[in-house]
Amino acid sequence: MGEIASWLPSLLTGLGVTVELTVFSMVFGLVVGLVLATIRLEPRNRWLYIPATIYIEVIRGTPLILQLFFAYFALPAAGIRLDPFIAGVLALGINYSAYLSEVFRSSIKAVPHGQWEAASSIGMPWVLVMWRIILPQAGRIALPATGNYFIALFKDSALASTISVTELLFSGQILAAASFNYFGIYAVVAVFYLAVSYPSSLGLRALERRLELSRRKARPKRVAA
Amino acid sequence: MVFTVDEATNKSPLIQAKNVTKSYGDLPVLHDFSLDVDRGEVVVLIGPSGSGKTTFIRTLNGLETIDSGRISINGTVLADSKPLDKGKPHKPNHRSLQKVRLDVGMVFQQFNLFPHLTAAENVMEAPVWVRKIPQKDARKRALELLDRMGLADRADHYPHELSGGQQQRVAISRSLAMDPVAILFDEVTSALDPELVGEVLRAMRQLAADGMTMIVVTHEMQFARQVADRVVMMASGRLVEAGTPEQIFASPTDPRTAKFLQSVVHPQ
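Protein chains in written order, with the working numbering: chain A, 793 to 1017; chain B, 59 to 326.
Possibly wrong hints are sitting among the right ones.
Which residues of chain A face chain B? A partial, calculated answer using Cβ under 7 Å [to be verified]:
hint, residue
1, L826
2, E909
3, L927
4, G931
5, A968
6, A969
7, R1001
8, S1006
Computed cross-link-like contacts, BS3-like style, restricted to lysine-lysine with a CA-CA straight-line distance of at most 27 Å [unchecked claim]:
hint, chain 1, residue 1, chain 2, residue 2
9, A, K1009, B, K194
10, B, K157, B, K76
11, A, K1009, B, K198
12, B, K157, B, K198
13, B, K157, B, K194
14, B, K157, B, K190
For the record, the hints were derived by calculation from the structure and aren't laboratory data. In this text, a Cβ means the ideal position worked out from N, Cα and C, and glycines have one as well.
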């Protein structure tokens, strides 16, 4: 027991790094993914559509771990030297942006076309239609898959240990190398991962239910002025 | 009167469509179709399905482009072209499209209410975000419009909590909220259960009585007979004949009109 307690400080620090890595990469993936999805809504705009498509295919067609190596070990040859954490966020974020963009694109397309027509017919310009009418509906459709990717990203962030980011798994490896208690340490590391991922997945499910449109009810009426 | 209609400031028709032609590939949907609509006029388009009625009113607020012809609405030229030369459809420029959409409201067969917003929020959406009217004022106006449609007690309900007839009346309020000079109605009762048709037609009748310019595509012949100033019969993308409801219903000159009316009035 005392042994476990002695591991906790460095594992908790590692968990902190894992969470940071996940959150930053996710934000990056969401923003870039949304931009890519928007670009790919309009195939006729070829100067944007083709590069976006190449980006997505290249990223989805190569291993994540290779992308991490590329960001950390290969870029210095091009004169770009990144801190391991930054390289990790960049590689994970780019990787997930490609997958998320496909989720967003299909979700946007799943919103009935009549919504675009109705919104344009009352004079809303494209940006407003997108922001006020389409995205709130597409977001609900995208939520389950996006949540899945979020949890997958949390676990994939362990790959950043290969480029010397001292996140949770790497912190465990360091302890294990010193104490040779592989079983104990990796079991505790697994519990740490689960302690975050399981509640996250419950939380996402609750959020999904909360946002469900059919559960929305008329609010208690305000007294008319 | 809740909405305001500019009293005839100029003499030219409010809506002018001239020699409008459009086809989907090899399939012609509008052929040399012309129609002028004056301020305050209620024009009802009738004709068999596939005759181009819906396509035509959709061209009037730029939901469909045209291949050739000229469309002008309230002084804005939405489309003006010579007969097609390079197989390129005539695309309206962004600014005139926006202006026309602010001028002309549209009500759809499938209502198309925004499902994530309440009835009042649906009505307030464009005034608040396009016209930048303060929330409070926009809500007050939305409640007035909904009240006029008999929906005062439904303002804070979501679309899925409303019947089809109620949803359609919210949709009418939503388009009225932008003070359009004309409203296009695209088979607005076709998706409704029969017992809900009456309440929507009553709302439209009220609107017509208040002087709103309306172009209505419908199969409700009773409505056409009682409310229309002019009935326009279309077939195969062409104008077959036009006239007062009395002329069209009592003594149609074209055999296609007579045949169509026969089929609508006595479906068996």
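So which hints don't hold here, by number, going up? 1, 3, 4, 5, 6 and 7
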